[in-house]
Amino acid sequence: MSSYLSARLDIASTLDSGQTFGWQKSGEWYIGVISGLPIKIRKADIGIEYECPEGQSELASAELNTYFRLSDNLDEIYKTIGRDKLVNSAIESYNGMRITYQDPWECLMSFICSSNSNIQNIHKMVQRLSRAFGQKRFLGDSELWALPTSKELAAATEQDLRDLRLGFRAKYLYSSAQLVSSGDLNLNDLRTSPYEHAREILTSLDGVGNKIADCVMLFSIGKLEAFPIDRWIKRCLTDEYKLKSNSSYELLSGWARDYFGRYAGYAQQYMFHHYRTSNRIAGKKVAL
DNA sequence: GTGAGGCCTTCAGC
DNA sequence: AGCTGAAGGCCTC
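If you're matching positions, the first sequence starts at 60 in the working numbering and goes up one per residue.
Since the hints were derived computationally from the structure, they do not count as laboratory data. Just so it is clear, CB atoms sit at the ideal spot from N, CA and C, and this is done for glycine as well. There could be a bad hint or two in this list.
[Unchecked claim] Subject to a maximum C-alpha distance of 20 Å in a straight line, what follows is the list of computed EDC-like cross-link-like pairs (lysine to aspartate or glutamate):
(1) Lys84 x Asp200
(2) Lys301 x Asp143
(3) Lys230 x Asp219
(4) Lys230 x Asp265
(5) Lys84 x Glu110
(6) Lys195 x Glu110
(7) Lys183 x Asp222
(8) Lys270 x Glu259
(9) Lys138 x Glu151
(10) Lys293 x Glu309
[Claimed, not checked] Taking CB as the label site, the calculated pair distances span:
(11) Ser65 x Ser234: 36 to 46 Å
(12) Leu118 x Tyr308: 37 to 47 Å
(13) Ser241 x Asp317: 31 to 41 Å
(14) Arg250 x Gly106: 23 to 33 Å
(15) Met60 x Lys303: 24 to 34 Å
(16) Phe197 x Ala71: 22 to 32 Å
(17) Phe227 x Gln179: 10 to 20 Å
(18) Trp314 x Asn180: 23 to 33 Å
(19) Glu113 x Gln194: 29 to 39 Å
(20) Arg290 x Glu255: 22 to 32 Å
Given these sequences and hints, build the entire structure.
See below:
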């Protein structure tokens, strides 16, 4: 049975812009698991259409509202970050793209996998992890797997993770799974910590540097000022904003927070998706 | 503090 | 077919 949610949400750009790696596409539907609840969504005339297990419609609606941060005021955000032609053009192209509010462990797991990889491959790694250690769910005639919890993944050995073709990331994911599942690190607590403190905790994890920490903080901890800088964003900052290419991560992200303000993370996501998509379409090959 | 090299695996391009 | 380079980085030296 279908339900509808009136919301300003561009599902495609939100879920295809490298924030999440657990959703599966089936035709125009996106299928995933939020807080253990299997759910599928697609674009509707006004807002979105969704399906979920019977009797869970209201719960699903609340979960979607949280996951896609639908309470964020996009007009205010656009006004704040819309400092120049580049960002405004990205906003125009992807109006309705949201920053997600994922489960912090799922987000950390995904971005540990992202290291020196590409979006397509990250999806596959997360999918293999889910099938091997996550719980199977059903929704209508589709079956899907939730991402493994830290406890579920803690049962895996480092070799298990290597066998899932995670490569050098296996060691990092293994140690984080142990730390989080044991309760020695409570990622959810970071949601009430200041940005700087959360950054220190996250970068203390093996295999987590500034970039991955910023991704986790932006996409799951609720730090909208986090401004992850990967090779694309760095190219954008040096080519379009004329910042020096030998600038440190610290300097570049500090500049971005000053320039874009407290919603710098939104600016980053629009820039990233826009810059990457337009370069891909143009077929440009650029070495950083 | 800063920089070069190596790393697992996959995939596109030649 | 086999090779090369790159992919939303990070660690070691």
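To see whether the hints hold, each was checked on the structure:
Of the pairs offered as hints, the one joining Lys84 and Asp200 holds, with about 15 Å between alpha carbons and a cut-off of 20 Å not exceeded. Between Lys301 and Asp143 the CA atoms are separated by roughly 14 Å; this keeps the pair inside 20 Å, and the hint holds. For a cut-off of 20 Å, the pair hint linking Lys230 to Asp219 stands: about 10 Å separates their Cα positions. For the suggested pair Lys230 and Asp265, the alpha carbons sit about 8 Å apart, so the restraint of at most 20 Å is met.
Restraint check: the Cα-Cα separation between Lys84 and Glu110 comes to about 14 Å, which is no more than 20 Å; the hinted pair holds. As the CA atoms of Lys195 and Glu110 are separated by approximately 17 Å, the hinted pair is consistent with the 20 Å bound. Taking the CA atoms of Lys183 and Asp222, the gap is about 13 Å. The hint holds against a cut of 20 Å. Between Lys270 and Glu259, the direct Cα distance comes to roughly 12 Å. Compliance with the 20 Å bound is thereby established for this hinted pair.
Taken as a hint, the Lys138 and Glu151 pair is honoured in the structure, with Cα atoms around 12 Å apart against an allowance of 20 Å. For the proposed pair Lys293 and Glu309, the alpha carbon gap of about 12 Å is at most 20 Å, so the pair holds. The supplied range of 36 to 46 Å is met by Ser65 and Ser234, whose beta-carbon atoms lie about 44 Å from each other. A beta carbon spacing of about 40 Å between Leu118 and Tyr308 agrees with the range 37 to 47 Å that was offered as a hint.
Taking 31 to 41 Å as the suggested C-beta distance range, the pair Ser241 and Asp317 conforms, at roughly 39 Å. Checked against the hint of 23 to 33 Å, the C-beta distance between Arg250 and Gly106 comes to roughly 27 Å, which is consistent with it. As the Cβ distance of Met60 to Lys303 is approximately 56 Å, the hint placing it in 24 to 34 Å is violated. Between Phe197 and Ala71 the Cβ separation comes to about 25 Å, which falls inside the hinted range of 22 to 32 Å.
Distance hint for Phe227 and Gln179: a CB-CB separation of about 19 Å, consistent with the stated range 10 to 20 Å. Checked against the hint of 23 to 33 Å, the C-beta distance between Trp314 and Asn180 comes to roughly 31 Å, which is consistent with it. The beta-carbon spacing between Glu113 and Gln194, approximately 19 Å, falls outside the hinted interval of 29 to 39 Å. Hint check: Arg290 to Glu255, Cβ distance near 25 Å, so the stated range 22 to 32 Å holds.
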